[in-house]
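Please construct the entire structure, taking both the sequences and the accompanying hints into account.
Residue numbers (my numbering), protein chains in the order written: chain A, 5 to 253; chain B, 8 to 148.
Hints in this document: simulated from the structure, not taken from any laboratory.
Ideal Cβ placement from N, Cα and C applies to all residues, glycine included.
Part of the chain B face toward chain A, derived, beta carbon under 8 Å:
id : residue
1  : W24
2  : R26
3  : V29
4  : W33
5  : F43
6  : S110
7  : G118
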Amino acid sequence: MAETISLEVLRYSPERDAEPSFQTYDVPLRKDWVVLDALNYIKDKVDGSLTFRWSCRMGICGSCGMMVNGEPKLTCATFLSNYANENKPVRVQPLRYFPVIRDLVVEVTDFMTKLQSVKPWLIREKEKPVSDGEYLQTPDQLDRYKQFSMCINCLLCYAACPVYGLDPVFIGPAAIALAQRYNMDSRDEGAHERMDVLAQHEGIWGCTFVGECTKVCPKHVDPAGAIQQYKLTATIERFKTFLMPWAAR
Amino acid sequence: MSDERPPTRYTEYHPRWYRPRVSTWWWLARWPYLKFILREISSVFVAWFVVVLLLQIRALSRGPEAYAAFERWLQNPLIVLLNLITLFFVVFHATTWFNLAPSAMAIRFGGKRVPDLLIVGTNYAAWAAISLVVAWFLVRS
Ligand code: SF4
Ligand code: FES
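Below, the structure written as structure tokens:
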């Protein structure tokens, strides 16, 4: 095995460059190193100007998402040794479909606004006073939404979604999965409030079920599943208001 | 200026960003994307089989002569070729959708989610069963 491995990293400086370009770095190839370790090595030892986001380096914070050889990956969970035998540099690029601020750092306000629009919190018609105790939930009820609650907002699913790339108004996989996380929660009563945002063209109906979001998700959230399941719910609700207008809210 | 861009709300007063463009050929970049596009295209072929079926029913209702003419039309090599391609796409359409079915249907039974394989399996079993019934009718006559 070679001692070093080359990384081809996308560099972009908003002050100097009109277009980004690749810069190649050789880093030691260590068995226990992930792509993020290599980037940190470059920043510490070779080129301190390289800019990227990371924090937990253990797949929890969701900030180290980048394109590695064209695939959206958490760089803290992607081992360099996986690429050692390919005999070509490992390409590291910022997450696809997001505007690039600098080097590997992308602008994610678009996602933040969308996430907020689906009201990802427990909505109660009437809050009960604290003195009445907590809202109880059985393990079965927890199980219904637990998978969707694992999302770490890493946005790999957006970078995998051609619909989001072509039509940036699409609310996108994670935001819809997180809306479902609350819709499926037995303590929540806000499903109809979220429906206005979700059941429109920019919401679930924008999705054509490419299914890549689910494949790249490092937390097995299955956003594609969440969207298709919600399509079913929305259709049933629509028929209900159509057949029984008096029951509509 | 504002109408050149999609109406997404990014932070104001931010330094210049680089906005990569999506290539027209994005669907050639990865096999799953190509597969997705093929799956979408397959609907055209599904529609073609529906047209063939409607033509067949029309011929049937117009009596034996019309039906014989319809059968001759079916034997035209071009139509045979088209129908072979169509068959391929219809099978592709059916299998890809069957395989996707479990993620669209989170069926719960006895407090647990029904395993994916069971949902896919049921779809294939129903397909096989219906095909057998159809085949039985065809062979019998
Ligand atoms: S759904 Fe998965 S891929 Fe998408 S942001 Fe959440 S954790 Fe990341
Ligand atoms: S650094 Fe936190 S998820 Fe990778």
